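Engineer: Here the structure of chain A is known, so what remains is to put chain B in place on it, guided by the hints.
Order-wise, the sequence lines are chains A and B.
Its first residue numbered 43, the first sequence is counted upward by one per residue in our numbering.
Its first residue numbered 43, the second sequence is counted upward by one per residue in our numbering.
The hints are simulated quantities; they were obtained by calculation from the structure and are not laboratory data.
Just so we're clear, the structure is a prediction, and the values are computed from it rather than from any experiment.
Which copy is meant is left open, so a pair is good if it fits within one copy or across any two.
Listed next, the in silico DSS-like pairs over lysine-lysine satisfying Cα-Cα at most 27 angstroms (straight line):
hint : residue 1 : residue 2
1    : Lys321    : Lys332
2    : Lys83     : Lys207
3    : Lys207    : Lys321
4    : Lys252    : Lys321
5    : Lys321    : Lys210
6    : Lys83     : Lys210
7    : Lys262    : Lys252
Number of protein chains: 2
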Amino acid sequence: MSKEYRVAVAGATGAVGRAMRSILAERGFPVKELVALATAKSAGTRLDYCGEEVIVQELTPDSFKGIDLALFSAGGGTSLKYAPHAREAGCVVVDNSSAWRMEPDIPLVVPEVNPGDVDWHTGIIANPNCSTIQMVVALKPLHDEAQIERVVVSTYQAVSGTGAKAIKELLEQTPRVMAGEPVEPAVYPHQIAFNCLPHIDVFLEDGYTKEERKMVDETKKIMGDPSIAVTATCVRVPVQIGHSESVNIQFAKPLSVERARELLSRAPGLKVLDDPENKVYPMPIDAAGKDDTYVGRIRIDPTAENALHLWVVSDNLRKGAALNAVQIAELLAERDLVRVPR
Amino acid sequence: MSKEYRVAVAGATGAVGRAMRSILAERGFPVKELVALATAKSAGTRLDYCGEEVIVQELTPDSFKGIDLALFSAGGGTSLKYAPHAREAGCVVVDNSSAWRMEPDIPLVVPEVNPGDVDWHTGIIANPNCSTIQMVVALKPLHDEAQIERVVVSTYQAVSGTGAKAIKELLEQTPRVMAGEPVEPAVYPHQIAFNCLPHIDVFLEDGYTKEERKMVDETKKIMGDPSIAVTATCVRVPVQIGHSESVNIQFAKPLSVERARELLSRAPGLKVLDDPENKVYPMPIDAAGKDDTYVGRIRIDPTAENALHLWVVSDNLRKGAALNAVQIAELLAERDLVRVPR
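Looking at chain A on its own, in the form it has when it is part of the complex (with noise of 0.2 angstroms):
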């Protein structure tokens, strides 16, 4: 990795965008220069980016000219609309919005994963969903050991998955509720304070959410299996930081306790974190800031043949997002892929 690299940051200045800012400088990816891009609303904000001073510019069609690298988080009609200006100039792009996550020809990337599928890249790469990004990180060890037949996933998503104006939601309903003073939702359809909103993202003809079936779908792509089934209950609850999942797992071959131990223990990315009689599982207030996936609560269904459950937690805007972008563009970078195949 002695080459550096022109980034791009678009949509620099919302949650996601901060995080990616400092996971590049915390990580010395090999910026040569950082340019941040928002809407015209945020051009001129002054943002910190290793102790330099960048001001932020305005996303436009000529904004990519002599970057090499964008990192998109700023929403799926941007994406839309940007990301193919970024790869007509040359830039590569990994997208974390859902606007290109099911084309055909666009890899959809968990490092642990499926790092190869960079490979085939031909100027865009999406960053999956998180909730979807931190469950399959605990799924891969565990498919490739027993196969994967069936997983019922229930979520309790964090706020800060819909962006910071979400967590602003949050943490201003809350006194009021405490106070017994009514509440006006703006971002959320209803209160989100002390409540639980089966709803995230846009309701489909089958009743299902998009949320539930980006889960459904992304994971069948990431793992490169379209036979495993997914059904999926996204909640979003009222924590700021931290996605959590409740997985039941039914597999064609038997798997232990002990031996899914083993393989989650070992695997990257992934912690396990498995002492009930301590106290000791997953939440939501560790995980938020690190990097890890979490893995507890890990036990036998006796209900079906060779199934088990997992707790997953992690930082939905690292690992679920800005972390995960980040690390494809490591992976691009160590196979000298930042660049537009002509």
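Structural biologist: Just chain B, lined up with the frame of chain A:
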């Protein structure tokens, strides 16, 4: 119901005891006299019942002389110790603790599900666990139609299930966490504000918690069908009142969403709230203070044969505890069973 009864509430000062008193009054249960019982520490406390002052008496083995019916919500140890004294004195006990639930000669009753089981009581009737009650109310009409084979449930449980002191802990921790101050968990082993704890009740040898085991065992007993396989993951969330449940059900026979909705709509104690297009689905903030169990997010799970998802929410202090106990009392009164068989 022309008879009137001398009714004791044991654990009268707790969160459930308070709800028991108000529900007895609201529903016009034929109370001749209300006796409030609690530990010596609470004796002398003045409570209100139907606008009249009731002074809390210390719970002793002699508390039940002349009492017809006692509603217990004072923990398992207290029930084990005092319920036999009550029965001995000719007082019928409806017990909200887990102490007697799995005893073969003690009925475990949800009036909408197995009302007939009160008929064989021998002086003690057990009130099921909160998370089980709301689930079986929703499962029963579907089981009668299509025979449930397997249930995978993940819960989102409110702190009031632990008692009044846990509500206090959540409300005290919340502003401290927002201010960045340290918290000292006392009721729970870890911070509950802005967190999720995959730990309710104690851990058992197989890695399940006792709360999870209750959902497994109690469901079979209440539904009167040991063939129903249930597996559960029980999680405490920072919600004051109202348990939510993500329930995945596999049936022996096909069951359409339309038919499930029809069955659930006309079942007693249930209300279907399932209009996702208009952002209508059950939520704890709406269920709190209500008697019904709410069901929504009804949808086919295509990953298994004859499978459906439900999202079930109810007030854990009311239907999950106090209301169900009062409904059992009503059933006993209707059937003239407020007496200990000799």
